[in-house]
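S.K.: The chain contents come next:
2 protein chains.
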Amino acid sequence: MDYSKMKPQEVKRLIRTGEVDFQTSGMCDGYAQANLCILPAEYAFDFLLFCMRNPKPCPILEVGDVGDKSIKSMAEFGDICTDFPKYRIWKNGVLEKEVTDITDYWRDDLVYFLIGCSFSFESEMIEADIPVRHIEMGRNVPMFNTNIVLNSAGAFHGNMVVSMRPIPENLVVKAVNVTNAMPRVHGAPVHIGSPESIGIKDINKPDYGDAVTINEGEVPVFWACGVTPQNALMQTKPYFAITHAPGHMFITDVKNSNLKY
Amino acid sequence: MDYSKMKPQEVKRLIRTGEVDFQTSGMCDGYAQANLCILPAEYAFDFLLFCMRNPKPCPILEVGDVGDKSIKSMAEFGDICTDFPKYRIWKNGVLEKEVTDITDYWRDDLVYFLIGCSFSFESEMIEADIPVRHIEMGRNVPMFNTNIVLNSAGAFHGNMVVSMRPIPENLVVKAVNVTNAMPRVHGAPVHIGSPESIGIKDINKPDYGDAVTINEGEVPVFWACGVTPQNALMQTKPYFAITHAPGHMFITDVKNSNLKY
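For the protein sequence lines, the chains are Z and C, in the order given.
So the first sequence is residues 48 to 308, counted in the numbering used here.
So the second sequence is residues 48 to 308, counted in the numbering used here.
A couple of the hints might just be wrong.
Claimed, not checked - Example chain C residues on the side facing chain Z (calculated, C-beta under 8 Å, incomplete):
1) L95
2) I107
3) D112
4) V113
5) I239
Stated by the list, open to error - So these bits of chain Z aren't anywhere near chain C, every CB distance computed over 10 Å:
6) K54
7) L61
8) A88
9) L96
10) R100
11) V110
12) D112
13) M121
14) F124
15) V141
16) E171
17) N206
18) V220
19) D249
20) E263
21) P293
For the record, the hints were derived by calculation from the structure and aren't laboratory data.
Cβ coordinates follow ideal geometry from the N, Cα and C atoms, glycine included.
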C-alpha cells in the first residue's frame, strides 16, 4: 500500500475502521499533519494562552469549543475521537494506556488542541533541495532540551525542546527563508550554530529521537519542536489528558502550501 | 503640548496622574496603540478562541493571566487599570459609566485582552505615500456593518465590522502589501471594490464614524475593524465587562515597525 499518494480522506477512512493504526509519517504527500492535546475545560484558557505566548514551539492549528469533538477548519467531517491512529490517555501526568479510539473517553467538558508539526516544513525543505539528514538516514529527528525558558501562562511553564537538522553552510539562509514562510508549523529556526549557547552539551546525544551525522561544512540548525507543549503539559500533571501517540498524527485536509504566508 | 513627539512612557505618566484623559489619536508617532476588553474568567476561553478564529478583526496583542493586571510584552511597567485615559464599565451589555481608573473595579477573576488597532497601519500607509482620506479630512474613519459572518466560539458570534479607505486605483496593490505585512493590526484588506458584495447599501452612510469623499479613479478598500470584537462581546451581554472608551487607547512601548513580519 503506498500511503504517500493517497488523499487524506482515504487514509482517514482506514484509520477510522482500524485498518491503519501505525505511524503516519510520509503519508498523503503535501498535506499537513497535526499534534493533539485534549484537556478538561478548567485548563483550557491557560493552555491556549501558553500556546499563544509560545507560538514557535506551540503553533495552534485549530481548537475546539468546550465539548465539541468535531474538526471544522483543518478537515471536512473530522472527528477528534476516531481520526488519529493511536491515542494516549494520561492521569495526573502518568501514561495510563494507549487506545485507537477515544469515543468512550470523550466528555462534555473536554477541549481539543491541534498543533502544527514539522513534517510540513520538512517536505517544503526537500522541495527546495535542502537536505534533511534524518530522513536521508531513515531515522527519527534528533531533539534536545534547552536552556530557552518559555513564557509561562497560569500553571503551564517549562523550557523549549528543539529539533536539529544539519544544513550545508551555503543553504542556511535558504533554510531560514523556506521555514520562516510557515509560522503555523514552527516557522524559522530559533538558533543557528553553537549548541552550547542554548544549553546543549553533546550534539551527538539527543534527549529524544536519534543522533544524525553532521558533515564538514554543515551547521547545526535548531527549530522549536512540537514535543514542547506535551512536555509542559505533563509537567503540570493535569488530572486528565489525552494526546496522540508519538508519530501517530492527524492528517489534515489542508495542503502544506496553504499554511504559508 | 505636542504629544506626537513624546515617548509612550512620558504620555502614560500623564495618563496615570489624570493630566491626560482625552483621545490618544496622533500621540507618540511610530508606536502601536491597542484596544481593550476585560472579562470574567468564565468567558475568557471562549473570547480568546473567538479572537483566534477571527484574527483579522480581532488581532490579539497580549492577554493577561487570570487576575493579573500587569502588562508584560507590549510595555514595561504597564498597569491595565491606570494606563488608559478612559474606560467604560458594562453590566449585562449596558454601559454603566465611564471612569479614568479601574483599580477599584479590578478582581482576581478578571482577564484583560489587548487587541491591535488600525492607527498602526495607517501610519505605515502615510509613510508609503498612500493617502488616508479621513485623516486628510480631519474626520473619524467610516465604518460599516457587513454580511461577512464571523467564526463563532462558545457564546461569541456576529458579523464583521469593516473600515473603509478610498485608495487611488494605481495604489491599491501597494496598500494591500503595506497592510498585509502587519497581521497583528488587522493586516490586508478583507474586500476591494463593490460595497454591495459585502452587504453595504450606501457607501456614503457609514454605521459608525464619518463619511468621506471618494474621488473619481479611487476604489473603496475595506479592512477588518477593531469595533468587531467589542460588538460581538456586547451582543452576548456578559454580566460584567470593561472596555476602553472609543479613541482612548493604550499606547504600547512597541514600535509599529516591530509589528511587521
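S.K.: What hint numbers does the structure not satisfy?
M.R.: Hint check: 5, 8, 9, 10, 11 and 12 fail, others pass.
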